[in-house]
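Peer 1: If you're matching them up, the sequences are chains A and B in order.
Using my numbering, read the first sequence as starting at 259 and increasing by one per residue.
Using my numbering, read the second sequence as starting at 15 and increasing by one per residue.
Don't take every hint at face value.
Said to hold, decoys possible - A short, non-exhaustive set of chain B residues, derived as facing chain A with CB atoms under 10 Å:
no. : residue
1   : Leu182
2   : Arg229
3   : Phe230
As the list claims (entries may be wrong) - Per label pair, the in silico range of CB-to-CB distance:
no. : chain 1 : residue 1 : chain 2 : residue 2 : range
4   : B       : Phe101    : A       : Arg390    : 54 to 64 Å
5   : A       : Ser781    : B       : Arg146    : 17 to 27 Å
6   : B       : Leu109    : A       : Met840    : 27 to 37 Å
7   : A       : Asp373    : B       : Phe101    : 48 to 58 Å
Keep in mind that the hints were calculated from the coordinates and are not lab data.
Idealized CB from N, CA, C, for every residue including glycine.
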Amino acid sequence: MRSLMLILSMMLLGSLCLPKSFAFQGENEAPAGTRSFEWTPEMIATMEALPLQHGGRIKPLRSWADFKLLGLSTRRKPKFEQNGEQVKMDAVAWVLDCMFFPELAATYPVLSVDDSSILQAVGLDVGDRGRRDRFSLEDLQLVRTELIGSAQRIQGLDGSERSREETQTLDLAIRMRSLEDMMRTLAPIRMSVAVPEGGLLGQWATDGQANLVTLLTNLDQVRSALEKSDQAGQRMAASLAAAMEEGMAAGASGVAFVPPAGTRTDDEEWLDLGQALMATVTEEHETSRLALLGLKRAQDAASAGDVEELQAALTQVVQATSDRGTARGELKELTSEVSFQNAQLFTLALVLFMCAFLFGALALLPGTRWLNWLAWGTSGIGALILVVGIIWRCLIIGRPPITNLYETAPFIGACGVILAMFVARIQRQKAILPLGALFAVAILFLSQSLELRDAVSSGDSMRNLMAVLDTNFWLATHVTIVTFGYCAALFAWSLAALWVLALPFVQSHRRKMGASTAVWHRSLTRSIYGVVAFGLLFSLVGTILGGIWANYSWGRFWGWDPKENGALVIVLWQLVILHARMGGLIKDLGLALATVVLGSVVVFSWFGVNNLGVGLHSYGFTSGAARAMSFWHMANMLLIGWGLLWWMVPLMKGSQSKKLTGPE
Amino acid sequence: MISLIELHTLDLTLAFWGCIVALVIAGATGRERRVFLMGWAGSFHLAVTCLFGLFVISYLGTEAQIDMSLQDSIKKYFESWMLVERFTLPWDFVLSVPLPGGQLLMSLLAINLLMGGLLRVSKNLIAARTTRRKLHLGCLMVTHVGVVVLLAAGLVKLHLSETGHVTLFEGQSTSEFVSFHEWEIVIFDAEATSDVQEWIIPASDFEDLESDSRRFTGEDLPFELILEHFVINGRLRPKSGSAGHVSSPGGDGWALVPEKPAGREGVNVAGILAKIKPKGSQATIPGILWAGERFPFTFPAGSKTWAISLRHRIFELPGEIRLVDFHRELHPNTGMPRVFRSDVEWTELDAGGNPNMNKIRISMNEPLRRDGHALFQANWGPQDDPNATRLYSQLEVTRNPSDHWPTLAVIIIGISMSLAMSIRLMGYMRQQASRRLGEGKS
Numbered sequence: 259m260r261s262l263m264l265i266l267s268m269m270l271l272g273s274l275c276l277p278k279s280f281a282f283q284g285e286n287e288a289p290a291g292t293r294s295f296e297w298t299p300e301m302i303a304t305m306e307a308l309p310l311q312h313g314g315r316i317k318p319l320r321s322w323a324d325f326k327l328l329g330l331s332t333r334r335k336p337k338f339e340q341n342g343e344q345v346k347m348d349a350v351a352w353v354l355d356c357m358f359f360p361e362l363a364a365t366y367p368v369l370s371v372d373d374s375s376i377l378q379a380v381g382l383d384v385g386d387r388g389r390r391d392r393f394s395l396e397d398l399q400l401v402r403t404e405l406i407g408s409a410q411r412i413q414g415l416d417g418s419e420r421s422r423e424e425t426q427t428l429d430l431a432i433r434m435r436s437l438e439d440m441m442r443t444l445a446p447i448r449m450s451v452a453v454p455e456g457g458l459l460g461q462w463a464t465d466g467q468a469n470l471v472t473l474l475t476n477l478d479q480v481r482s483a484l485e486k487s488d489q490a491g492q493r494m495a496a497s498l499a500a501a502m503e504e505g506m507a508a509g510a511s512g513v514a515f516v517p518p519a520g521t522r523t524d525d526e527e528w529l530d531l532g533q534a535l536m537a538t539v540t541e542e543h544e545t546s547r548l549a550l551l552g553l554k555r556a557q558d559a560a561s562a563g564d565v566e567e568l569q570a571a572l573t574q575v576v577q578a579t580s581d582r583g584t585a586r587g588e589l590k591e592l593t594s595e596v597s598f599q600n601a602q603l604f605t606l607a608l609v610l611f612m613c614a615f616l617f618g619a620l621a622l623l624p625g626t627r628w629l630n631w632l633a634w635g636t637s638g639i640g641a642l643i644l645v646v647g648i649i650w651r652c653l654i655i656g657r658p659p660i661t662n663l664y665e666t667a668p669f670i671g672a673c674g675v676i677l678a679m680f681v682a683r684i685q686r687q688k689a690i691l692p693l694g695a696l697f698a699v700a701i702l703f704l705s706q707s708l709e710l711r712d713a714v715s716s717g718d719s720m721r722n723l724m725a726v727l728d729t730n731f732w733l734a735t736h737v738t739i740v741t742f743g744y745c746a747a748l749f750a751w752s753l754a755a756l757w758v759l760a761l762p763f764v765q766s767h768r769r770k771m772g773a774s775t776a777v778w779h780r781s782l783t784r785s786i787y788g789v790v791a792f793g794l795l796f797s798l799v800g801t802i803l804g805g806i807w808a809n810y811s812w813g814r815f816w817g818w819d820p821k822e823n824g825a826l827v828i829v830l831w832q833l834v835i836l837h838a839r840m841g842g843l844i845k846d847l848g849l850a851l852a853t854v855v856l857g858s859v860v861v862f863s864w865f866g867v868n869n870l871g872v873g874l875h876s877y878g879f880t881s882g883a884a885r886a887m888s889f890w891h892m893a894n895m896l897l898i899g900w901g902l903l904w905w906m907v908p909l910m911k912g913s914q915s916k917k918l919t920g921p922e
Numbered sequence: 015m016i017s018l019i020e021l022h023t024l025d026l027t028l029a030f031w032g033c034i035v036a037l038v039i040a041g042a043t044g045r046e047r048r049v050f051l052m053g054w055a056g057s058f059h060l061a062v063t064c065l066f067g068l069f070v071i072s073y074l075g076t077e078a079q080i081d082m083s084l085q086d087s088i089k090k091y092f093e094s095w096m097l098v099e100r101f102t103l104p105w106d107f108v109l110s111v112p113l114p115g116g117q118l119l120m121s122l123l124a125i126n127l128l129m130g131g132l133l134r135v136s137k138n139l140i141a142a143r144t145t146r147r148k149l150h151l152g153c154l155m156v157t158h159v160g161v162v163v164l165l166a167a168g169l170v171k172l173h174l175s176e177t178g179h180v181t182l183f184e185g186q187s188t189s190e191f192v193s194f195h196e197w198e199i200v201i202f203d204a205e206a207t208s209d210v211q212e213w214i215i216p217a218s219d220f221e222d223l224e225s226d227s228r229r230f231t232g233e234d235l236p237f238e239l240i241l242e243h244f245v246i247n248g249r250l251r252p253k254s255g256s257a258g259h260v261s262s263p264g265g266d267g268w269a270l271v272p273e274k275p276a277g278r279e280g281v282n283v284a285g286i287l288a289k290i291k292p293k294g295s296q297a298t299i300p301g302i303l304w305a306g307e308r309f310p311f312t313f314p315a316g317s318k319t320w321a322i323s324l325r326h327r328i329f330e331l332p333g334e335i336r337l338v339d340f341h342r343e344l345h346p347n348t349g350m351p352r353v354f355r356s357d358v359e360w361t362e363l364d365a366g367g368n369p370n371m372n373k374i375r376i377s378m379n380e381p382l383r384r385d386g387h388a389l390f391q392a393n394w395g396p397q398d399d400p401n402a403t404r405l406y407s408q409l410e411v412t413r414n415p416s417d418h419w420p421t422l423a424v425i426i427i428g429i430s431m432s433l434a435m436s437i438r439l440m441g442y443m444r445q446q447a448s449r450r451l452g453e454g455k456s
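The following block holds chain B by itself, in its conformation from the complex (with noise of 0.2 Å):
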């Protein structure tokens, strides 16, 4: 049972898509039905609403960063499909008001959008009398074109892009990109030298485990595991009997204690408690898989030692990439940067199979873009150590099919709408001209 202050955990995306169905069939058995509920969806009044809607929750979220991390103001105000606010008033009263998350009203604006913005307008556009209305309406029709793409620009990222970052001193080099805040567990034969093949469980699937478990088994591995307790952020311990707050402890004398998600998610230490049952034997080896150890937890089964770690994912990238030079400058007789940029090599098969390799700068605001994959100078370090002789630097690598789709939208949006305003601003000094004529004659 979900408490009210955790309505923004509510995953409602099923109840609201079956409310739309359920509309959808409701209009499609009545003409009036039908003619009420588009005349509502593509109502300003809904439009209004929903604007309004988001402009508190955008405000709230933006105030809530004051006290709660980004990541946290994220899940609770935007991706949210409820969400209850609390405002402490004088006296201490606090008032929890629920309120519409970032979510629904996006959902619900887009419906709007699409009903009101594309299909009311085009309705009046083609009812239009005269040139100068059909313009703007047009005009105004294609400026929601630009939103809708905006927005399908949005979902596009949020649902198929992949992010991480690549991070190399000088003379290393990569051909993966590890995500900052997605997990995995992977399992592998310790023992292997070469060609080691990788087992991957998804985050989806154990992340949300709590006191439950879950088994995995595989038809080559001689083993199950059982994963149990996933905690976002946490630390090792030794096992304590008076610390109620420890999940369940390992049996090495050592116990997973949750700790509160710190405040960018790519500083979280993930852990999760696990079993291991050889195949064929009734014990059952506990441990504890932690993000923060630098081994992995290993253990014997069938004739081999195998090795699980939880780790953040990894993605591979379309070449390899080698950090030749790393170069940063600050402002002369200051600590302030001016310029920090890395010189690579990419390599990457051509059409015949055959290595390629070009040098290429990346720096701030100049990526390096192949292939669908974007790399983006994002950090350096150790920044902590001013007198540290070799420097890291930190790439940020993303994959998004939507890139470009943003650029495009603005492109739609300036002109249609830069056109709209004048056609409109043009008719209205025409009116204002004319009007003082016939004072004037008068």
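In isolation and in its complexed conformation, chain A is listed as follows (with noise of 0.2 Å):
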């Protein structure tokens, strides 16, 4: 046994290879290009709970498929045209699709493109699509050759030489082969050795094909049946160790769904299915050798319709490598996600805040005063699911609620209503609640893009951390707290913008009934300065804290990184506005077109710094922001422009109402 396991593994290592033209067929089980069924609820809830390893993390198949789908398609549910009928599927089943039913898969078009010209210009013809349209793997085929041709080309360039068009391009080629890779997931399942009629092996061969899998999970019999035969044995043995090299390459996907033997100290790095395969072989692992057996066995009801056995061989996967994650220590918060991830607690808040901005909205009407209420409630409502949500991803991932740049976002939603809330009950004043809601709608808007942007770069949005950011005390600290000065700082632009934008509406109210109908507009203005000094307290701190985290773990307080510039201009912005408003050298107006400026300072410090991509802090880096954040400034200058012109208009009137907004 010892000596042919020994020949084995040397034939493995490819130390007695034996010419190509042997034996050895690929894989060779092509599944069907139809499906006969549906998914079922069952199968999905089954599957998504599936662990598996990817980005370093443990997490379930839903996440993993969410994302995936997500990155590929900017989609987390394909919907589609087929055969005549719309199809909206769930992204497991997608994958489900992907990993079962590759040639079917191949046909929904589930890869965005932004800009069809780039298509065009590889020289697919793409018909009446639109500019921007999703395409299959099916669609692309023609033209794979050349795309991949144009990608390489373009990686050679210096990312700052690309043009938009190559940039999309390059894009596209990665993302269409992260999508082959997917469709080759359950390759090693699928491949095969050609085994002699009659011959050694042939018990467990199919038309003169033997299923690599059905031979590994045997290994004992296939061990002692080519131990009786020496020479055949031999080159049965070198044709195993080739169809397993084979498998091993094709299995190498980058997600890995068996978990190793031992403990979770001895081996943190999961399997790929190939390298189960040689688990099975090397190790006799039976985790291995029981996730591929169920997946072979599920792959062959998929492919004969046999919803039942496929339910079934489904759950011994599941089953098979949950036991060994779950005694290994490493599943404790799965369940959670893949409720959490169900869930979709931030989308329902974000429905909630549309709500709540509609209801307040209205509610400035006169006799409307229920219509307040339901917007206290809904806001109220919304902030609660925010919170629970970010609580909620705390737990799962076992760190302090912002790690990364999209979960500045929902924190600074949620603490942005709750921020509204309080100046509105504080004023009294009803246009202060629904400005909170807009707030947070836009900045759940702003979240879900910078999701797309982490499922497109890392296909997850709960990342594992760098080494230096590995601690949450500082995350606790200094994350949280500069993280809720750029709250509060960008609520004080939306007061301000408000404020502005209702100059003409204060101003023709004034000449009607003089200057006391502007007092809300006034009240408006304390909020904002409030809210500019509430701001500076955890800019500053946060800053500090950042400056004495960079202490500890660089040795020095501060180093002008652009990061760290970044918060200090937030700070010395604050520090002027409240200075200038202090001595007098600015007063309503000024006090509002400051904080307008303060809005771009935020967000040069929340994206732009790192769009820079230079200092320590690069950790951040997002690209293709510049474009939005131009927008921005550009939209903030014109909020400018829109209150000096309606400033200068009673001045050129003569009216007497500068003292109000005068000068400043």
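Take the two lone chains and join them into the complex the hints point to.
Peer 2: See the structure below:
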């Protein structure tokens, strides 16, 4: 037994290679291009809890599938037309199709293309497709070689030298390869070796082909059969080794489904299906054997359309890997994460804030007190749901609320709404509540955009941390406090924007009814001042805490790094506003316009410094945000122009009201 | 004569403090002048001007880091008294705007903070009638004290701290650390085998040398050393007559070629030209001291062979550190580092002069602190060789007397600002409530 094992191992290492033309045949059991059944909710519920390791983290298939699809398609649920019918799929069902019916999945248009001219450039006739559309792998098959060739050329260029179209071409090629890799996830279980008619291993063969998994899961019998026949046995073993090598390469998908043998401290790296094949032989790894066998059984059942058998097989796979993962203590938060992903709390909160904005805006009309209560209720529930979602995430990843750029957005949204409710309560101003709801809606849309970026770049929004960030104390203090400072500054911006936009209304009222009608406008000014001062406390303390953290991590308190400077410019601008106001250098209009500038300063610090691509904090780097930021800064300039214009109107008309919003 | 573009290299420390002294003297000679000057120095106008100026140069200094190194941007924007910023406008029109540098703005802000944030606020505090106002002003004053502590910490760090690194393979030990940026020239007897005595020339004595030269002598040294042409980053190249940028060549066919300073000064390789003139001799021995050379420059003088070397400045540690184990972990199935840490043995002498050894783990965010020195896990290598069997650990070392001052500042500022705002908010809420009550009654 040991001698055969040694020979097999030597063959696996390639030391006894035989001519390639001998016997080996690759993935020759191509699954059917059609599926005769629908993925049942039970199957999806079973498979979404399948644990896997991706990006250094153990997560459920649900998270992986959602983010994979989001990254490829910019949607969590693919929606397309097939055979004249509108199909909307669950991400897990789509993954199952990719795994068990790759030919079918290749027809799903899931690869989003922002500008189809990049496909025309590589020779694809896009017909009547829109400029922005989704394409299937099958659509791209005709120009696959050209696309890959272009991508390879573009990859050789420096990032700054690439045009927008070239960047999109490269991105599409990468996503296409990623999708192709996904389609090959189960390739190892479809590998087979040619077996001579009536010869060795014939009992496991059908039509002269023996499935590799079937052979490996009957390893003892295979070994004894091979041992009985000297030359034929050696040839067969070599053939098996070659097939295994091929299977290992095909199974290297970057997603590991099988927990290794031993404890968590011995070995943290899970096995992909290719490695599982090898582990079945070299370590006699039971979990690998069970997982491969289960997947093979599931593939057979899926091909045959046997739903009950398929359900049983999928359960076997999940059970085998989950049991092993649980024994290693790695799956404590897995079920919780599945529930979290399915709950979609942030989307629910977004809907509630939209309602709160509508109710709050309508409540500004006279005689609609009940709508005001509704606005309060929906805002409160929305904020509560956001807070629950943030805490839930913290429990899943075992970290404070903010560990990456994406997580800043829900946090700012939640804090912004709570701050708005607080200010609205103190000032008794109806307009502030819908403003807070609108603020949260905008921030949550932004969070969706950031989540999409995470999906494209790393396929996860709960990524592992770099060594320097691996400190819950500083993440909980510096990061949380400084982000709250961002939140207050941005909310102050929204108050200031409202103040500026309301100028024509205030001035027309003042002309009709005197300066007293602008009392609420003055009250808004006080709110802006208060929120800027409140934000200063958090920005200043957060920034100093960041310096102290840097002193602990890098041995220096302040290094003029872009991110540090970004935090500093917020503090400095807030100090400029407050000191200028206290010194009487600016009045109401000046305060509002300076706070509009604060909005641009915060966005520069939040995203802009990451886009510089330099400094110690470049781990937060995001690409492609420059255009959005330009729009933001432009919008702020327009707001300032609007404010100055309406300040000049009464001056030109010789109104006495200039005292209220006088030149600052 | 300094060009306009190089304005940021101008050291105006004396001029600035000269002006301050002149203003103080002027203030002392008349009450009106004093009141005016104190009012100006503590005014909101000056505060806003300084803060706005700092805001502008912080922004410019950040943007500049796309094209220039961090160290260069610090020198130009944050450590300068004045600078000239060049803005490229449409049609390639370049507008050069002189701006105040970070040092000038921070110095003015510090004066403003003392005169306005402390002196004026304390006067207002004394004059305040209500307890709430007194409390509010008191908290504001304490907040400004916190900012003063923070600025003082920066000043102390700038002038009194030492920064460097210790780089060790497992099993190696040292009781010194090496500066990242500072240079020094060391002279020693090349034949000495033990208790080697070193003569040190600090960088401040030679780093300003360009075309001029400077002479160094020592009572115990049988020669004079003449140094000239210091370059912060340079390479040795074979002497070439046509190379106009090559500084004065040495006598051995090689020349020191200045290069653009590197992005981080740690990888700069400095060089300087040297001439040795043995006492009692008219002949000189020319040489090039280059930090990239593995061996020192040697020459005979008196009855011995002497050695000179240009190296990064070396500081003493308050004990000996030995790297026992360096450990690096990646997140599973990724190339992302999760943990890197060094297990070290730290040996220091106790009060009785006996060596006392402790086993200590240094990891990210958990430095080793001893006698005013802090050792941080900074780096490891070689990172470009995935198959390297022997890894080294690099620990950053700082000796900063104001190490914990920022913590003190954040406590002071955090508490006092929170209190000031709470007092203000409560007052405002009470005012709002009474106003609503008044409106209800009317």
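Peer 1: Hints first: check each against the structure and report whether it holds.
Peer 2: Checked hints:
1. Leu182: 17 Å, violated
2. Arg229: Since the shortest Cβ distance to chain A is 37 Å, the answer is violated.
3. Phe230: Because about 33 Å separates Phe230 of chain B from the closest Cβ in chain A, which is outside the 10 Å limit, the hint is violated.
4. B:Phe101 <-> A:Arg390: 54 to 64 Å: 38 Å, violated
5. A:Ser781 <-> B:Arg146: 17 to 27 Å: 22 Å, holds
6. B:Leu109 <-> A:Met840: 27 to 37 Å: Given a distance of about 33 Å, which is inside 27 to 37 Å, the answer is holds.
7. A:Asp373 <-> B:Phe101: 48 to 58 Å: Because 34 Å falls outside the window, the suggested range is violated.
When the structure is compared with the earlier hints, violations turn up for hints 1, 2, 3, 4 and 7 and for no others.
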